[in-house]
Amino acid sequence: MSTRKISLSALLFLSVYVLQEAFITQFHIGGGGFSLFLIFALLWAALSTPDIGALTGFVAGFLIDLSQSTNGAVGQWTFVLILVGFGISYLGLGYENVRMNPFTITLLVTGSVVVARVFYALLSLLLGEEIGSFTSIITSLLIGALWSAAIVPILMPLIARAYDFIEDSRLRL
Amino acid sequence: MARGGENRGRLLLIILIITSLFLITLDLRGVSVISGLKTGTQSALSPVQNFGSTILSPVRNFISDVIHLGRTRSEMEALREENGKLLTQLRERRSIDAQLEQLQGALDLAGKAEFKVVSARVISQGATTSFTQTITIDAGSKNGIKPNMTVINSYGLIGVVKTVYPSSSLIQLTSDPSFRMGVRVAGSQQIGILSGQGTRKGVLQLLDNQSTIKVGDILVARGSVNNRPFVPGVPVGEVTSVDNAAGAVTQTAEVRFFANFSDISVVTVVLKGPDADPRDAIIPAKPVPTPVPTVTVFVTPSQSPSPNSTGTN
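Just so you know, the protein sequences line up as chains S and C, in that order.
The opening residue of the first sequence carries number 1 in the working numbering; numbering runs sequentially from there.
The opening residue of the second sequence carries number 1 in the working numbering; numbering runs sequentially from there.
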């Protein structure tokens with residue numbers, strides 16, 4: 001990975017992170033809203049190779065862990081997103097049409113958001129944190145999934161272009 | 001060659017996983033570097049959040065105006081503020097009346113005027129990455145805020161200070177699913193545990209199986225030792241429905257919080273509660289009989305009726 005790729009990727013990730021933390025969180029969006037940064041990171045991982053997907057998950061997870069709205073232990077989201085980032089990029093490589101079909105990638109990223117949050121909830125329980133009632137978690141997961149499904153198609157062309165630019169490749173989405 | 005790349009990928013994955021587990025361990029063991037990193041991030045983000053809050057305020061107001069069908073924001077805010085104050089006064093009055101009636105002698109419902117407070121603006125709302133419901137305010141340890149302080153607005157209790165940074169603080173809302181607090185029913189003085197449910201409604205569980213509650217009962221904060229995390233007497237919510245299940249050990253009820261969590265822009269953190277802690281006055285002082293002056297009026301009817309009393313004036 002060249003210095004150009006690393007620095008441009010880091011700049012993009014930090015920009016989206018600041019956008020999420022400083023601007024998206026200003027609005028009280030119905031049902032708890034969505035995490036633009038989480039969707040962005042998983043979409044990025046879906047476009048990458050498994051090792052880059054895991055690395056993307058590590059960086060994104062660590063940044064989410066540093067967010068003031070994250071209550072869990074530092075490293076928790078890092079751990080979750082390494083595995084989910086690796087998984088989503090592995091699935092992306094396994095099915096060629098995932099990259100070719102916008103519907104499939106929407107489904108893949110939305111599913112990954114849900115899986116990541118379920119995994120995070122389970123890890124929180126294991127670490128003895130209180131995460132609320134079963135009903136509230138299910139409601140939050142469902143609404144989060146709906147938001148993700150709505151956001152991914154909007155973000156996808158932008159992120160694909162940014163990915164193309166940084167990777168200097170031509171992905172067809 | 002491909003096998004080498006695969007092995008390298010696996011090695012990277014293992015290294016990353018071990019690093020993340022190492023981070024979790026360090027954080028759980030309270031290593032200051034990790035918490036310092038989080039504090040540093042929040043300190044760096046706080047000015048950006050302030051900036052975001054300022055520039056997005058017109059957008060938020062516009063959306064709110066559209067939602068509220070053209071009524072101006074300022075007018076609504078003023079009315080809401082006034083209404084909130086009146087409601088708070090009314091609830092406090094109801095509770096005070098009840099306490100006087102029962103000769104408790106406790107001063108649980110200390111008015112806001114007795115609190116030492118600091119007001120702050122909400123600069124961020126919690127994200128969906130965690131299942132918690134939080135807000136971030138633009139006041140922190142520099143303003144005297146410490147963890148476990150009560151946060152209120154004109155309607156009543158908002159939440160409790162969870163984490164404090166130099167110039168911002170994270171507030172856990174009462175609607176948070178993991179939020180628990182002791183409350184007291186104004187009037188009957190029964191106590192119970194109120195739990196957040198992730199919405200504007202909470203669940204109250206009474207502690208005494210002989211107690212009963214009814215729809216419309218007002219709940220106030222029970223209070224904590226040294227007024228942290230909860231100062232006593234702050235209005236919390238109103239009972240909207242009661243569960244009278246025959247098999248239940250204690251009665252439970254659904255409670256609607258007075259505060260509207262979807263529309264919080266300014267909150268007040270209670271730095272210091274009332275001087276006299278009413279929680280210490282568990283046994284109320286016996287009422288001392290005081291002489292009540294009585295006035296006896298003797299009325300002697302006159303022999304002849306006055307002209308006015310005949311109505312012929």
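Read the hints as simulated data drawn from the structure, not as lab findings.
You may find that some hints are simply not true.
Sample of chain C residues facing chain S (criterion: CB under 10 angstroms; computed from the structure) [unchecked claim]:
| hint | residue |
| --- | --- |
| 1 | F22 |
| 2 | S46 |
| 3 | P147 |
Dumping the calculated SDA-like pairs for lysine to any residue here, alpha-carbon to alpha-carbon at most 25 angstroms [stated by the list, open to error]:
| hint | chain 1 | residue 1 | chain 2 | residue 2 |
| --- | --- | --- | --- | --- |
| 4 | S | K5 | C | K162 |
| 5 | C | K162 | S | E130 |
| 6 | S | K5 | C | I14 |
| 7 | C | K38 | S | L125 |
| 8 | C | K116 | S | L11 |
| 9 | C | K162 | S | N101 |
| 10 | C | K38 | S | L11 |
| 11 | C | K201 | S | Y163 |
| 12 | S | K5 | C | S195 |
| 13 | C | K162 | C | S195 |
| 14 | C | K201 | S | L11 |
| 15 | C | K162 | S | L11 |
| 16 | C | K85 | S | L122 |
| 17 | C | K146 | S | L122 |
| 18 | C | K201 | S | S7 |
| 19 | C | K38 | C | V48 |
| 20 | C | K38 | S | E129 |
| 21 | C | K201 | S | F134 |
| 22 | C | K38 | S | E130 |
| 23 | C | K38 | S | S7 |
| 24 | S | K5 | C | L11 |
| 25 | C | K201 | S | L14 |
| 26 | C | K162 | S | S7 |
| 27 | C | K142 | S | L122 |
| 28 | C | K214 | S | L14 |
| 29 | C | K38 | S | F134 |
Note that the structure is predicted; figures quoted are calculated from it, not measured.
Glycine included, C-beta positions come from ideal geometry on N, C-alpha and C.
TODO: Quick one: which hint numbers does this structure break? Sort them smallest to largest.
DONE: Violated hints: 3, 4, 8, 9, 11, 12, 14, 15, 16, 17, 18, 25, 26, 27, 28, 29; rest satisfied.
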